Amino acid sequence: MATPATVHAHAPQGFIRKYIFSLDHKVIGIQYFFLALTAVFVGMFLSLLMRIHMIWPAAVLPLVGEIKPETYLSLLTMHGTIMVFFVLTTAPQGGFGNYFLPIQIGAPDMAFPVLNMLSFWTTFVGFIVILAAFFVTGGAPLHGWTGYPPLSALSSAGPGEQLGADLWITSIAIFCVASLMGALNFITTTLDLRAKGMTMMRMPLTVWSWFITAILGLLAFGVLLSAGILLLMDRNLGTSFYVPLVVVNGVVMGHKGGSPLLWQHLFWFFGHPEVYIAILPGMGVASQILSTFSRKPIFGYRAMVYAMLSIGFFGFMVWGHHMFMSGMSPYSAFAFSLLTMCIGVPSAIKTFNWLGTMYKGRLRFHTPMLYAIGFVSLFVSGGLSGPFLAQPILDIQLHDTYFVVGHFHLIMGVAAIFGIFAATYFWFPKMFGRMMNETWGRVHFFITLAGTYAIFMPMHYLGMAGQTRRYSQFTEVAYQQKLLPLQTFMTYAAIITIAAQFIFVINLFWSMFKGPKASDNPWECTTLEWTTATPPPHDNFGGVTPVVNHGPYEYGVPGAAKDYVMQTDPPTGSAH
Amino acid sequence: MADATLQHDAVGHGLPGAYEAPLFGAYSKKVGMWLFLASDSLTFGALLFAFCYVRIYTAWPTPFHVQSIINSTIMTGCLLSSSLTMVMAVFAAQRSDRTWTRYWLLATMAFGTAFIVLHGMEWSKLIGEGLTLPLFPKPAHAAVGEMVDISKNTPQFPATFFGLTAMHMLHVTIGVIYLGVIAFRKWFLPVLGVLWIVGYLLIPSDNVFHWGIHALGLGLIVAAVILFLKPKDYDAQDVEVSGLYWHFVDLVWMFIFPLVYLLSTKIT
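These protein sequence lines map, in sequence, to chains A and B. Its first residue numbered 0, the first sequence is counted upward by one per residue in numbering that gives the first Met the number 0. Its first residue numbered 0, the second sequence is counted upward by one per residue in numbering that gives the first Met the number 0.
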């Protein structure tokens, strides 16, 4: 590994070292961003196919033909896996975290640049491997993103469970290794490379959120790696960790004595923190943007930090609430339920502080601000259904219904995506040196906000009416036909919302080349990335290391010349 | 603050400029290794959790004879001694004594290799008696016997035994290669290459280690890439960080030895 000193002596000149195998965290961040952008379009296309199949099961589509019921299961598996791993984990942490964590703490690069590069290319290989699952014999796996055995452990259990399932597990194992490398780098950088004056309590909340996310990733992905290795052993070496004595199509499988619940414990010990890995960076970005565009200090900075820490801490103790229906002892269920509802407290603190930040502020409704407000809105409406599902009694009714689908899409899916959108509109000027189009940004925002509510709010009613998730079509069953109009409405809403995303992509690429030039600090924001040139030079600050004298959100300081004080501004007597 | 900055530069990460003191007072490589070990301990923790989970819900066999226990005790002794020699290597590196650093690292590698060889012999013996994973071919001569029955009736036993110990043996193998690269740099690559070829040719193809030997080949490639990317010599920090890894691998064995071996001893 080259030492950072030699890396930063001069920027690499060749195309390959500069743009492909770059050690520069900014290039790697952009690589992650475009990987996630590709992945999100794959995932979105799959969800479109699913919605069409539910309403018009006999439709013959161009390119894909008629969707069979088992293909529907493959679609939902790949949609969930690609979205969770390669979008919600990759974009906010790998993309924006990589680009802005070192700049926001005043470092010239990550602590381990080579590891950073390896982390991206490992993720890339993982993405290729999971896409390969579509093209092998039998097609993509159909066990859902949670991969519950015995279905996921037996290659005779379904058409997609042959090589496709092996590729699926391999891809996830590769992704685990990549995430471990990334998380290790993020934590070390935050601990060791903060510029002079950048104490822990002066770090922007975005840095705090990436830091805590990295800790969660470090501890969670190691467990998923083990779980995946054992599942691969069950599939390919004939062991029986997860598989009891089981009969498939009248054939007794060679397994005996395993427990499917073991997988559920290991998977959800990873799976629940993974939810916070997806949403925490969004919280950080929302805090940053709400404070900047309200021209007010963030309300309760320390409370925000401790709330994120306690969300991360409790996140590791609540995995059992995904398993209420697995025959769990009511006493354990009670403990898991209580701990789960504890998470409502720090989440409410955060929401209260976001609203407190906006209260009586001088709000500037630019596109990033709209998305940050949209994030808070979705976080509240997705979060409120959490305490319902946390009750074992209610979960018996709601488990595996559309209520759950609506809940996690609002809070983990769309809220996190809104965080990504907010970050894109906010940091695009710094990343690419040009401004994005405001008008089309607003159009994109309002269609997306209304569209996502139109898609996911009705799911709560469907769930309460008893409609189960993962059913491929509802047109043939009499008692479900009454719910069909609502499903049809959701499909139309989905088509419109997905179409609106092309506004975003066109705006993104058009602005990249044709947008108006951005100044160094277009949003009048205080954190370190806005003190340097646009786009930042190779070593971020052009040969100097910034010295930090202020907290991250000093807006509207009494007696100051401007309405904001940059973190690097000289210390003032009156400022705190 | 000035003192903290000075101290930080003294343990520095090679970057120009002034920085806040590291939060836990450790240089980046050390923090990175500690974090890797935290994550790896959860990986092993999950495997040990799986082991305990299946063990609680299964009538667990206790087949290990006194020979197995003596063998694994010697293996434990090797690893414990290697931790001691590793500490000596770190001390030698810290007083810039290159010669003795190399000797102590070599001693550590020797103990590690002895562990791998003894472990391999143990594996071969158990496989020869018929303790195999379900899809692996049984040796022809082991048609009957206690281990054959165990493999048939409690498939979790060989699965957890081979799973846990293989994962640990992989870590020891990586550790020996890691220390070899730290101690001998590019001179170590031909040794790895020769070991790889000799191992591949000499180990019969029906033996599981025939494929396991490719860990050496992979190690050779990774070591070559690392040496290509970091052409400068290793210092005391690198030795200390490799020591952290080595002690961790020993520590994991201190969980596996009682759980897998001692608790499965045949008591007569």
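The set of hints was computed from the structure by calculation and includes no laboratory data. Values in this document were obtained by computation on a predicted structure and should not be read as measured data. Take the hints with a grain of salt, since some may be wrong.
Once the Cα atoms are required to be at most 20 Å apart in a straight line, the calculated DMTMM-like pairs of lysine to aspartate or glutamate come out as [what the hints assert, rightly or not]:
(1) A:K255 / B:D237
(2) B:K28 / B:D205
(3) B:K28 / B:E239
(4) B:K124 / B:D96
(5) A:K255 / B:E239
(6) B:K29 / B:E239
Consistency of the hints with the structure:
| no. | hint | verdict |
| --- | --- | --- |
| 1 | A:K255 / B:D237 | violated, 47 Å |
| 2 | B:K28 / B:D205 | violated, 41 Å |
| 3 | B:K28 / B:E239 | holds, 10 Å |
| 4 | B:K124 / B:D96 | violated, 42 Å |
| 5 | A:K255 / B:E239 | violated, 46 Å |
| 6 | B:K29 / B:E239 | holds, 8 Å |
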